[in-house]
Amino acid sequence: MDWTTNLQMLTAGLAMGSIYALVALGFVLIFNAVNVVNFAQGEFVMVPAFVAVWLMSYLELPYYLTCAATVIFMGIFGIIFQRIAYYPLRHRTFLPVVISTIGVGIFLKNGAQNIFGAEPLSMPRPTASEALNLFGVYVDPQYIVIILCTLALLAFQYFLFEKTKLGKMLQATAQDKEMARLLGIRVTIMIAITFAYSSMLGAAAGILVGPIFFVTKEMGGMLGLKAFCSTIVGGFGSVPGAIVGGVFLGVVEVFGAYYVSSAYRDAFAFIILILVLLVRPQGFFGEKIAEKA
Amino acid sequence: MKKAQSVFLVIFLFVVGLGMVGGSAAMAADDIRIGFTPPVTGASAAEGALQIKAIKLALKEINAAGGVNGKKIDLRIVDNQSSNPGALASLQNAVEQEKVLAMVGFVKSTQILAASDAIKKYGIPSIIGGTNFTLTRQGNPWLFRVRSDDSIAAAAMVKYIKEDTKLTKIGILHDIDAFGTGGADLVEQYAKESGLTIVKREKFSTKEKDYTAPLLSLKNAGAEIMVVYAPNAEDVALVQRQYRQLGSPFKYIGSPSSQMKDCLNLSKEAAEGLLAIADFVPGQGEAANRYAAAYKKEYNEDFDATSAWAYDGLYILVNAIKKGGENRDKIREAVLATKGYKGVLGTFDFTANGDGLHEVSVVQIEKSAPKLLKIVSVAAK
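Keeping their order, the protein sequence lines are chains A and B. For the first sequence, our numbering gives the first residue as 1, with consecutive numbering after it. For the second sequence, our numbering gives the first residue as 1, with consecutive numbering after it.
Keep in mind the hints are simulated off the structure, nothing from the lab. Possibly wrong hints are sitting among the right ones.
Sample of chain A residues lacking proximity to chain B, with all beta carbon distances greater than 10 angstroms (derived) [claimed, not checked]:
{"no.": "1", "residue": "MET16"}
{"no.": "2", "residue": "TYR63"}
{"no.": "3", "residue": "ASN110"}
{"no.": "4", "residue": "PRO126"}
{"no.": "5", "residue": "LYS163"}
{"no.": "6", "residue": "ALA263"}
Below, simulated DMTMM-like cross-link-like pairs (lysine to aspartate or glutamate); rule was C-alpha separation at most 20 angstroms, straight line [said to hold, decoys possible]:
{"no.": "7", "chain 1": "B", "residue 1": "LYS251", "chain 2": "A", "residue 2": "GLU130"}
{"no.": "8", "chain 1": "B", "residue 1": "LYS209", "chain 2": "A", "residue 2": "GLU119"}
{"no.": "9", "chain 1": "B", "residue 1": "LYS209", "chain 2": "A", "residue 2": "ASP266"}
{"no.": "10", "chain 1": "B", "residue 1": "LYS219", "chain 2": "A", "residue 2": "ASP2"}
{"no.": "11", "chain 1": "B", "residue 1": "LYS323", "chain 2": "B", "residue 2": "GLU333"}
{"no.": "12", "chain 1": "B", "residue 1": "LYS209", "chain 2": "A", "residue 2": "GLU130"}
{"no.": "13", "chain 1": "B", "residue 1": "LYS268", "chain 2": "A", "residue 2": "GLU119"}
{"no.": "14", "chain 1": "B", "residue 1": "LYS367", "chain 2": "A", "residue 2": "GLU130"}
{"no.": "15", "chain 1": "B", "residue 1": "LYS207", "chain 2": "A", "residue 2": "ASP266"}
{"no.": "16", "chain 1": "B", "residue 1": "LYS207", "chain 2": "A", "residue 2": "GLU218"}
{"no.": "17", "chain 1": "B", "residue 1": "LYS261", "chain 2": "A", "residue 2": "GLU119"}
{"no.": "18", "chain 1": "B", "residue 1": "LYS219", "chain 2": "A", "residue 2": "GLU130"}
{"no.": "19", "chain 1": "B", "residue 1": "LYS200", "chain 2": "A", "residue 2": "ASP2"}
{"no.": "20", "chain 1": "B", "residue 1": "LYS207", "chain 2": "A", "residue 2": "GLU130"}
{"no.": "21", "chain 1": "B", "residue 1": "LYS209", "chain 2": "A", "residue 2": "ASP176"}
{"no.": "22", "chain 1": "B", "residue 1": "LYS268", "chain 2": "A", "residue 2": "GLU130"}
Just so it is clear, the structure is predicted and the values come from calculations on it, not from any experiment. The beta carbon of each residue, even a glycine, is placed where N, CA and C say it ideally should be.
Kindly generate the complete structure, drawing on both the sequences and the hints.
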């Protein structure tokens with residue numbers, strides 16, 4: 001049980017966990033704002049990954065320009081998505097909207113296949129492809145980039161939500177739409193901004209994880225499911241819960257794959273989900289008593 | 001309403017009738033009909049198109065050289081629709097409607113298994129390209145395989161490891177599907193028979209993304225060389241990349257997917273210097289070079305290695321017809337008597353159960369292309 005191996009896996013786990021955390025965050029923000037579970041959240045990672053590959057490989061834009069363009073694109077995408085999948089159904093119950101998001105997810109996956117073909121695509125890396133050798137531990141530099149970028153994004157988000165007026169307005173909308181409206185907050189715009197921000201988080205995740213794995217239409221599927229598990233494990237509706245849940249899941253997965261069985265790696269996320277639901281259904285940070293939707 | 005419907009019905013029947021009549025009038029009555037059942041539509045359509053190119057090249061060359069005793073070969077292509085029911089239907093169509101003498105048949109092992117009983121019932125000589133070990137061992141005397149089966153790839157790997165790398169500690173990483181598990185089982189069996197040790201066996205699910213855990217596990221178990229047995233280019237490319245990320249802790253030898261074009265396009269520099277098994281690699285023989293040149297001339301593109309079996313298949317079948325005449329039993333005997341035939345894929349020596357090829361190539365990746373190191377023959381079992 002040497003520490004280099006464990007450190008190696010910890011790094012990989014933290015990196016994957018950061019990706020899960022970003023996607024989980026997207027879930028939770030949308031849920032808090034409009035009480036909708038967005039089952040297309042995984043596709044919110046897949047779409048920008050394809051866009052980024054297209055911009056870099058086909059139009060040959062430089063890396064940082066591509067990142068900026070992709071994030072802006074996803075912001076607009078989020079607003080359009082909200083308009084199509086959520087807005088017409090906003091007065092309906094929970095279920096029609098969820099089905100609508102599932103439908104959009106399927107549409108996006110097949111759209112990606114029709115436009116880009118079924119072959120996996122390779123995303124150019126910003127970092128060198130050789131591993132860094134830190135004290136005998138071989139680390140893919142992209143993992144470090146993921147972890148650092150996620151921390152930066154979380155810091156930015158904390159600042160946005162807690163210290164700016166816009167952030168306060170977003171929080172108010174999430175807590176109580178009626179009251180926010182009464183106080184003069186333009187709720188419809190706040191909701192649009194929330195969707196846009198959630199999509200941009202997806203863009204970040206897609207750009208960060210694309211160089212490690214290949215970009216395929218399926219990449220969003222498992223990612224979305226595990227992120228969803230992360231939010232439940234962390235406490236559904238809790239922002240710090242989503243982050244902690246995501247990182248926790250990423251780390252446990254890798255260690256489980258090494259010490260228990262690598263074939264069942266994907267199962268660990270769901271086993272933990274079931275355990276948490278049995279033992280502590282409100283998750284790590286959830287409240288014991290929740291309101292009925 | 002009623003009148004329009006009946007007019008439509010008459011026109012419809014007329015058109016259908018024309019279609020049925022038109023089909024068989026095309027070729028001269030005394031040409032030799034051979035059936036070919038590739039996937040023209042469905043999930044494998046892209047592979048099917050390449051197989052058709054390969055076999056049509058063979059057809060052109062054979063007919064240009066005079067066919068069989070002056071008679072031309074008439075190739076009837078029937079779509080197998082990339083599915084098992086489609087495969088069965090295409091076989092029935094070829095035999096009953098197109099009335100073919102013999103067949104160049106399927107490449108997917110699952111389709112071959114589905115059509116096997118029908119082939120046996122019809123008693124029609126069928127060239128097949130599937131590599132599942134059991135296909136020629138089910139008591140169907142009409143199947144003739146023109147590719148090395150999976151056991152040969154596994155045996156060749158072990159033989160190469162023992163004789164050429166002189167390493168003794170093997171770690172196996174494989175996909176849990178039928179191909180991966182089957183291959184891993186065979187490698188383990190042959191390794192034990194050869195006195196080599198399997199230090200650990202790690203498995204992964206298809207489409208797994210992160211191989212850090214199994215790779216580290218094999219490293220800590222003391223593996224000197226890792227055998228990677230998996231069918232999907234995407235998964236294998238990721239293994240290759242992450243294996244490099246971890247500092248290449250042992251040597252690498254992979255099943256054919258490790259050297260296929262779509263895998264190398266994804267793993268790029270990571271694959272440099274890695275070993276793999278290939279059915280067929282350019283430069284492995286005169287016939288292969290001739291094929292490569294002829295293909296380039298005809299289609300203005302590089303040949304595809306995995307469809308070359310159709311080219312060899314048609315040649316072997318036609319040679320058997322030349323020897324045995326237009327009698328199915330005699331054709332069968334002639335195919336089984338084919339020895340030392342130098343085809344594109346290698347030297348064919350048919351054994352009694354219908355396996356024609358017992359060799360594979362060990363290649364090393366150089367600049368994202370497989371380079372031939374050695375052709376390894378395995379004694380027929």
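TODO: Take the C-alpha atoms of LYS268(B) and GLU119(A), compute the straight-line distance between them, and say whether it is at most 20 angstroms.
DONE: 15 angstroms, holds
Task: Minimum Cβ distance from ASN110(A) to chain B greater than 10 angstroms, as the annotation requires - done: 15 angstroms, holds
Open item on the list: Run the distance test for LYS209(B) versus ASP266(A): straight-line Cα separation, threshold 20 angstroms.
Closed with: 10 angstroms, holds
Task: LYS219(B) paired with ASP2(A) [C-alpha distance capped at 20 angstroms] - done: Status holds; Cα separation ~12 angstroms.
Task: 20 angstroms limit on alpha-carbon distance, applied to hinted pair LYS209(B) and GLU119(A) - done: Distance of about 16 angstroms is within 20 angstroms: holds.
Task: Distance restraint between LYS251(B) and GLU130(A), which requires alpha-carbon spacing of 20 angstroms or less - done: 18 angstroms, holds
Open item on the list: Next pair to validate is LYS323(B) with GLU333(B); report whether the Cα-Cα distance is within 20 angstroms.
Closed with: 9 angstroms, holds
- [ ] Grab the minimum beta-carbon distance between TYR63(A) and chain B and tell me whether it stays above 10 angstroms.
- [x] 17 angstroms, holds
Task: Restraint check for LYS200(B) with ASP2(A), where alpha carbons must lie at most 20 angstroms apart - done: 18 angstroms, holds
- [ ] Could you grab the alpha-carbon distance between LYS207(B) and GLU130(A) and see if it respects the 20 angstroms cut-off?
- [x] Not satisfied, since the Cα-Cα distance of roughly 23 angstroms exceeds 20 angstroms.
Task: Holds or violated: LYS207(B) to GLU218(A), with C-alpha atoms at most 20 angstroms apart - done: Roughly 9 angstroms separates the two Cα atoms, so the pair holds.
Task: Given pair status - GLU130(A), LYS367(B), alpha carbons within 20 angstroms - done: 17 angstroms, holds
When each numbered hint is compared with the structure, violations occur for hints 1, 6, 20 and 21.
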